[in-house]
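Enquirer: Going line by line, the protein sequences match chains Z and P.
For the first sequence, the numbering used here begins at 1 and goes up steadily by one.
For the second sequence, the numbering used here begins at 1001 and goes up steadily by one.
No wet-lab data here; the hints were simulated from the structure.
Misleading hints may appear alongside valid ones.
[Unchecked claim] Here are the computed lysine-lysine pairs in the PhoX-like style, where the Cα-Cα straight-line distance is at most 25 Å: (1) Z:K19 x Z:K3; (2) P:K1130 x P:K1106; (3) Z:K312 x P:K1130; (4) Z:K103 x Z:K130; (5) Z:K3 x P:K1043; (6) Z:K19 x Z:K250; (7) Z:K19 x P:K1204; (8) P:K1051 x P:K1204; (9) Z:K106 x P:K1051; (10) Z:K121 x Z:K91; (11) Z:K43 x P:K1312; (12) Z:K227 x P:K1051.
Keep in mind it's a predicted model, so treat the numbers as computed, not measured.
2 protein chains.
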Amino acid sequence: MKKHNFSAGPSILPQEVFKEAAAAILDYNNSGLSILEISHRSKDFIAVMEKAKSLSLELLGLENKGYQALFLQGGASTQFVMLAQNLLESKAAYLNTGTWSDKAIKEARFFGEVIEIASSKDKNYNYIPKNYEIPDDVDYFHCTSNNTIYGTQLKEFPKANTPLVCDMSSDIFSRNIDFSQFSLIYAGAQKNMGPAGTTLVIIKESILNKVSRAIPNILNYNSHIDKESMYNTPAVFAVYVSMLNLQWLKARGGVAAIEKQNNEKAALLYSEIDRNSLFEGFVSRDEDRSAMNATFNLTDETFKEPFETLLKEAGISGLNGHRSVGGYRASMYNAMPLESVQLLVEVMQELENKI
Amino acid sequence: MKKHNFSAGPSILPQEVFKEAAAAILDYNNSGLSILEISHRSKDFIAVMEKAKSLSLELLGLENKGYQALFLQGGASTQFVMLAQNLLESKAAYLNTGTWSDKAIKEARFFGEVIEIASSKDKNYNYIPKNYEIPDDVDYFHCTSNNTIYGTQLKEFPKANTPLVCDMSSDIFSRNIDFSQFSLIYAGAQKNMGPAGTTLVIIKESILNKVSRAIPNILNYNSHIDKESMYNTPAVFAVYVSMLNLQWLKARGGVAAIEKQNNEKAALLYSEIDRNSLFEGFVSRDEDRSAMNATFNLTDETFKEPFETLLKEAGISGLNGHRSVGGYRASMYNAMPLESVQLLVEVMQELENKI
């Protein structure tokens, strides 16, 4: 039985993408070769990389605006280092909205002064701090757009006289915002873009070359830009599957169209969480609720076993909350059909009826 | 028609591995989920990672000898930085046998003094320097075991009173040597181990924690050892396919058995290069010839077109030499069957008969 996969990441991708990826492993493009054995310097793969990069910029509305798209290895965790190494000359401002922001801050401190400008750590990150001020004299401002673990999401981004840098690992390509307000966007693929193993970095070239330190080549954005994301062997298959997924998204109407569906899915689940007295949401303010990851708890832990039995019977998987929050977390990325969310809601109602 | 893939990397893997990998993309282990959508924290994937690590150590004869196996992202190019950042306190000695050694040297210089102890750059790296001395006061000695671009291979490694560090990207698991002479071995998967996107690092724990610099967490070997290669999301699929390939190797008798076959393939091709007057080898000394990558040229460039037509008709692909050497390069990694090498030899003989 095909599962309803609510996993937070690596996570669901469209079934069509899985089918095409599996076929490409046996024979890519009638070449007589597997996608896993072709050279990254082959015409076939160069076309994949070009397509992945151009689709990324196109879907974010960032074509011909001075941005470069790169598909790098190392995950967002490596970007925590690279962005600071490439951009942090004296000090930077960071918004702390969760574990990943916190890790980004810790890595940046190896390179300069970091001002934690606001934080929701006091309440286990169950809200998004607002009304903070960003000093004019920082090299950049860094934030995390969606906090997978806690189920919070930034709905607005600050206006600032400094480059905005944003970790969008868990909500890139999920909603239509003005992406040109950012100077650097990065996202590990495995939450809303593709399989684990590649990281999209979108960078405004004009922000580079402003730090005085010497940067090892592999960690220098310039190396990757100069070689068109082929400075070293890329994660061929992960880039290919990401490209398939971006093609799928474009064919479905792009970011604006998927945003509508994502909002519909989120509204359906949150209204059930609010209506059903057996459940309560983790996020303290409705305005901060993530459309990607809904975190919630049972109001009475004795219902844990019957609830999880019902989930299992329905073929719902990946609903366990992160250990630092507990409870449940329903991740509803782009590829998650409305029907799966409906099914989850039905299970929540079934539990209510049973008790 | 299935091709005979002589590509230098990403490169051929066993057909059985491609089949199993394709099936796992549609449904992994009858879980109802694709291998691409399962959590890296799931029991299923933790078992894959454990197996990949233990098979690596087992196949190299390094179990219970104080080594850790890690599957990291970023390729060997990232290891050029990490190894220096983690091990280089004052100075290190490097053997320069090609482009990749040269890049490793350049990255290490960001962290300390690098002594290039010997180099074959004077002859476009067509031989392996010997009879050099390694000073006792260096932090480590670094070499590249096989030079994919030039087709040279180190057959013996120096005895030294310093840790040996070796980039084995293109010949790991291909021959039986005493791997315990090395303190650090690393290899990008995409040449002889798996698909692009993961890098095996085998590290003797006792060599760590000897440098005084602060190291960002993601670049610190300790972080990855502490979290059992799950410090951040690993390249799930690339690790899975590497594990399948290592299982395949074990089932075929391991490194000693595959070495015999690799030597047989190499002997067959080199004897034809030496016998056939239309071809000449690139490597100047027979003792330095690589069993993985045979580099050769036509003695008369006018035979280029007929030779390449014959190659194409035979379904032989990936034989073009690297731009810095030219001519041809036949990569004969573990998964390359003897029959494909025989076919290449037949084509070389056919060219001779035609002319």
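Enquirer: So, for every hint listed, does it hold in this structure?
Expert: How the hints compare with the structure:
In summary, the hint linking K19 (chain Z) to K3 (chain Z) is supported, as the alpha carbons are separated by about 16 Å, within the 25 Å threshold. Restraint check for K1130 (chain P) and K1106 (chain P): satisfied, since their Cα atoms lie roughly 22 Å apart, inside the 25 Å limit. This hinted pair does not check out: K312 (chain Z) and K1130 (chain P) have alpha carbons roughly 64 Å apart, beyond 25 Å. For the proposed pair K103 (chain Z) and K130 (chain Z), the alpha carbon gap of about 21 Å is at most 25 Å, so the pair holds.
Restraint check: the Cα-Cα separation between K3 (chain Z) and K1043 (chain P) comes to about 16 Å, which is no more than 25 Å; the hinted pair holds. A hinted pair counts as satisfied when its Cα atoms are at most 25 Å apart, and K19 (chain Z) with K250 (chain Z) qualifies at roughly 18 Å. With a CA separation close to 41 Å, the supplied pair K19 (chain Z) and K1204 (chain P) exceeds the 25 Å bound. Restraint check for K1051 (chain P) and K1204 (chain P): the C-alpha separation of about 19 Å stays at or below 25 Å, so the hint holds.
A threshold of 25 Å between alpha carbons decides the hint, and for K106 (chain Z) with K1051 (chain P) the separation of about 32 Å lies outside it, so the pair is violated. For the suggested pair K121 (chain Z) and K91 (chain Z), the alpha carbons sit about 22 Å apart, so the restraint of at most 25 Å is met. Taken as a hint, the K43 (chain Z) and K1312 (chain P) pair is honoured in the structure, with Cα atoms around 16 Å apart against an allowance of 25 Å. A distance of roughly 35 Å separates the Cα atoms of K227 (chain Z) and K1051 (chain P); the hinted pair therefore is violated under the 25 Å criterion.
In this structure, the hints that do not hold are numbers 3, 7, 9 and 12, in rising order.
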